[in-house]
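Asker: Protein chains in written order, with my numbering: chain A, 16 to 302; chain B, 35 to 344; chain C, 3 to 285.
Some hints here could point you the wrong way.
Unchecked claim - No farther apart than 25 Å at their CA atoms in a straight line, the calculated lysine-lysine pairs in the DSS-like style are these:
1. C:K120 <-> A:K27
2. C:K229 <-> C:K151
3. C:K172 <-> C:K51
4. C:K120 <-> A:K22
5. C:K229 <-> C:K120
6. C:K51 <-> C:K120
7. C:K219 <-> C:K229
8. C:K120 <-> C:K133
9. A:K25 <-> C:K120
10. C:K133 <-> C:K172
11. C:K151 <-> A:K27
12. C:K120 <-> C:K151
13. C:K172 <-> C:K219
14. C:K151 <-> A:K19
15. C:K151 <-> C:K172
16. C:K151 <-> C:K127
17. C:K120 <-> A:K19
18. B:K159 <-> B:K299
19. A:K19 <-> C:K133
20. C:K127 <-> C:K219
21. A:K27 <-> C:K127
22. C:K133 <-> C:K228
Unchecked claim - Derived list of chain C stretches under chain A, where covered just means 3 residues or more per stretch with a C-beta under 8 Å from a C-beta of chain A:
23. 119 to 125
24. 140 to 148
No lab work stands behind these hints: they were computed from the structure.
Beta carbons are placed, not taken as given, at the ideal position from N, Cα and C, and that holds for glycine.
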Amino acid sequence: MRSKSRKVRKAKELVFVILFLAGIGVALGVLGILLASLFATAAPYLTPTLFTSYANYQDATRAGYAAAIAGTLWIVSLTLLFSLPLGVGAAIYLEEYSRGGRIARILQAGVSNLAGVPSVVFGLLGLAIFVRAFHLGAVVLAGALTLTLLVFPYVVITAREAIRAVPQSIRDAALAMGATKWQAIRHQVLPAAAPGLLTASILGAARTIGETAPLIVIGAVVLQTFLPYGPDSPFVALPVQIYAYIGLPGPEWQGVAAAGMVVLLVILFAFNAVAIIGRNRLQRTRW
Amino acid sequence: MGGVNADRTGARLASLEPKWVWQPGETLVRGLLFLAAAFAIIATFAIVVALLWDTVVFFGRVSPVAFYTGTKWSPVIDGLYGVLPLIAGTLLIAGGAVLIGIPLGLSAAIFLREYAPARVREFVKPLLEVLAGIPSIVFGFFALLLVSPTLKAWFGADYFNGANAIIVIGIMIIPIVSSLSEDALTAVPTDLRDGAVALGATRFEATARVVIPAAFSGIMASFLLAFSRAVGETMVVLIAAGENVNLTFNVLGPMSTLAGDIARKATGDLPVGSDLFRSLFAVGFTLFVITFVINLTSDVLRHRFREAYD
Amino acid sequence: MLRSLLKGTAPPSTAVEPEVHRVPPPLTLVEIQDAAIESRNLSVWYGRKHAIREVDLKIQRRGITAIIGPSGCGKSTYLRAINRMNDTIRNCRTTGQLLVDGEDVYGPNVDPVLLRRKVGLIFQKPNPFPKTVYRNVAFGVQLHYRTTKEELDGVVEAALREANLWDEVKDRLHDSALGLSGGQQQRLCIARALAIQPEMLLMDEPCSALDPVATAKIEDLMFELKKQMTIVIVTHNMQQAARIADHTAFLYLGKLVEYSQTRELFERPTQELTENYITGRFG
């Protein structure tokens, strides 16, 4: 038996630590480069025109995202409206009511499988069922329903975590005072879980904002020169509009597209910031 | 306690109207919540139905054999519905992306969990989450704007090529691998690590020989999930990988994937009720089955991992 | 302080200090000629908590020394300081000297990795790796040595025999270690520590998670081992200390109170504090 050199073992460790650092280095480096180049490309086009003009495929200086931004706002609101009650309701059932038997496992498997379905497939679903079978056409409502399905598992997962974080003592106290299960949930557990649920909803909305593929498949219109007038209106969403501009040749269109992406990222950032701040502030008044 | 005060309280309570709680309400609430929970199953079911509906009709008109073995996907021009180019493209791009994203993501997880001081962790983790939150369309743009010219300059690649997607998707999945692997590493009890250190292991040896093997199922599950994500990625492929009707393994040239092609065809003119239209669903069904299998395997692995530590 | 309030623990306040000042200066009633391990003015801090306070202690080579004391008095901390396992805990600071074979292990040129090859540690809760019995024992050997398969087989068998476990596992070498009973797992942990041939063995309440039969087996094992090795055992079981230790040290609130031959300490304790602890008036 020969003793292994301590120096060799130390050297091995150093090599690997450097490799491990590379993982983070690459990720952060790319992030930095991506954001920098995005802003650089977008800079000349970050003007109010973005918000006031509609889509324009002839003149880049007059191209804007007015309809797209409005469309995104419509879709996100409706999606939240549908997915929150559904998602939180499902989370409540899974955390508070279900007893962990076979049915519970099937339900949970259902949620996690849905989470793994590619977004295009949701688009096909929306196309087949909402646009055609329900005869809605390629309208805001169809888009919202489709995205509701897509974002539902994420809301369930985050809402479950929020509910799980509520200490058992709160439930016990409520029940000990003679509350029914639902009363305990409604009056004690849910308010206690509120910060987490708020986060869940905002993060769900954030996911929705960036979804492009399903809306493309459903049939978001890319030459829309009016703002959506209602759930039954044809629509275009911000990422879809960006995609339309990317497809055009020439650096000026890259600039317009980049500008749209900056707007997109700013909206996303705002949502996330609200989520984090909201959660922190609500948590300060916690147990 | 007892005596006068209790009597007085008792008397006061007795004079109040008992509040009538609607008992059936409890059952109703429970039922509604159950439906919400079952929504996922309903939705999955709906997906399968929606896909199968047109797929079945499609396979009545185009033989599944020709579909799954044909090497040319040129439905518009040649009426050929061979899906192999798409499957090959999907596996090549997702496989390549995973070769990039998994080592980098696992490295990041190991570094964060085993080596990084708390302050570095607090700084890096939010940044990784930012990376995870960037919509794929932005990554597609990045692929076209920066990756493509670089590949063209270094390797003479085409403007639209598969490597664009491979590199960029690889980077996109780093946060997934990193965050899930880190969870797996954290779940390993500290006494295992301590046991190795007490025997004279260096930090690296303890990590490599004890912690990682112990976290293996969880780590594998994260790999599979990342792979599934790469398989389903649409926008990056749509924007930067180009279109190719032939079966090809040349990543420096254009390639099509299942997901990318669905989106691409959907933006074109699709006469409803045509074979072309239905082919979308056949492709979608194929994609769904592939990701379903991957996700199922990942779930099974994750459960097995959790059992080992309960 | 805010943090500890939020966590629900008491702030490191002055409430402890008066207690500590009531502890009499340490009384060492035994002359240790050949000290394998010696601590000089050793102090260990966890953040602001002063866990070990200026402890001077010499541990006799080749014999069993027990460290007893009530929960939280720092016994485990002291033990872990010897093989520098406290290094793995953030916020842990050590001052003073700790000499192993005459060399201060907290000195500038000491490599903890090699130190741990010489000084083994057995944990309170058996912590075998989720691998086979064979690979558990082989682990340490493979870290520090290059071996052929035959050599490794030999070392593994020798270690298992030394730990009195061989007969029970020889047909199960390639089964998972987690399938062994608690007592067997602990002996497996001892075997894997013995496999790299340490000169000293530290044992942190090794039997507290085991039943009396398993405990007896390990105590028998310790009697065998002490002929060759220096063993330091931390225990809250005074009967155990009385049974097996040659010398016993009593620690209270991080300070050494009394240290002498085991029989002397238990039958004729000098300090009142010691007597109170032994007779069960506290702790």
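Asker: Hint by hint, say whether it matches the structure.
Answerer: Going through the hints against the structure:
Distance restraint check for C:K120 and A:K27: the Cα-Cα separation of roughly 22 Å lies within the 25 Å cut-off, and the hinted pair is therefore satisfied. Between the alpha carbons of C:K229 and C:K151 the distance comes to roughly 30 Å, so the proposed pair goes past 25 Å and is violated. Proposed proximity of C:K172 and C:K51 is contradicted: the alpha carbons are some 47 Å apart, above 25 Å. Restraint check: the Cα-Cα separation between C:K120 and A:K22 comes to about 18 Å, which is no more than 25 Å; the hinted pair holds.
For a cut-off of 25 Å, the pair hint linking C:K229 to C:K120 stands: about 17 Å separates their Cα positions. Taking the CA atoms of C:K51 and C:K120, the gap is about 29 Å. The hint is violated against a cut of 25 Å. The straight-line distance between the Cα atoms of C:K219 and C:K229 is roughly 17 Å, inside the 25 Å bound, and the hint therefore holds. Distance restraint check for C:K120 and C:K133: the Cα-Cα separation of roughly 24 Å lies within the 25 Å cut-off, and the hinted pair is therefore satisfied.
The hinted pair formed by A:K25 and C:K120 meets the criterion: a straight-line CA distance of about 18 Å does not exceed 25 Å. Our distance criterion of 25 Å between C-alpha atoms is met by C:K133 and C:K172, whose separation comes to about 16 Å. Between the alpha carbons of C:K151 and A:K27 the distance comes to roughly 23 Å, so the proposed pair stays at or under 25 Å and holds. Note on C:K120 and C:K151: the hinted pairing holds, with a Cα-Cα distance of about 24 Å set against a maximum of 25 Å.
A distance of roughly 18 Å separates the Cα atoms of C:K172 and C:K219; the hinted pair therefore holds under the 25 Å criterion. For the proposed pair C:K151 and A:K19, the alpha carbon gap of about 16 Å is at most 25 Å, so the pair holds. Proposed proximity of C:K151 and C:K172 is supported: the alpha carbons are some 17 Å apart, at most 25 Å. The suggested pairing of C:K151 with C:K127 is violated, with an alpha-carbon distance near 31 Å, which exceeds 25 Å.
Restraint check: the Cα-Cα separation between C:K120 and A:K19 comes to about 15 Å, which is no more than 25 Å; the hinted pair holds. Restraint check for B:K159 and B:K299: not satisfied, since their Cα atoms lie roughly 38 Å apart, outside the 25 Å limit. The straight-line distance between the Cα atoms of A:K19 and C:K133 is roughly 23 Å, inside the 25 Å bound, and the hint therefore holds. Distance check on the hinted pair: C:K127 and C:K219 sit about 16 Å apart at the alpha-carbon level, within 25 Å; holds.
Proximity of A:K27 to C:K127 is assessed by CA-CA distance (about 31 Å); at most 25 Å being required, the pair is judged violated. For the suggested pair C:K133 and C:K228, the alpha carbons sit about 29 Å apart, so the restraint of at most 25 Å is broken. With a cut-off of 8 Å between beta carbons, the stretch 119 to 125 of chain C has 0 residues touching chain A; three or more are needed, and the interface restraint is violated. For a cut-off of 8 Å, the count of residues in the stretch 140 to 148 of chain C with a CB near a CB of chain A stands at 5, and the three-residue condition holds.
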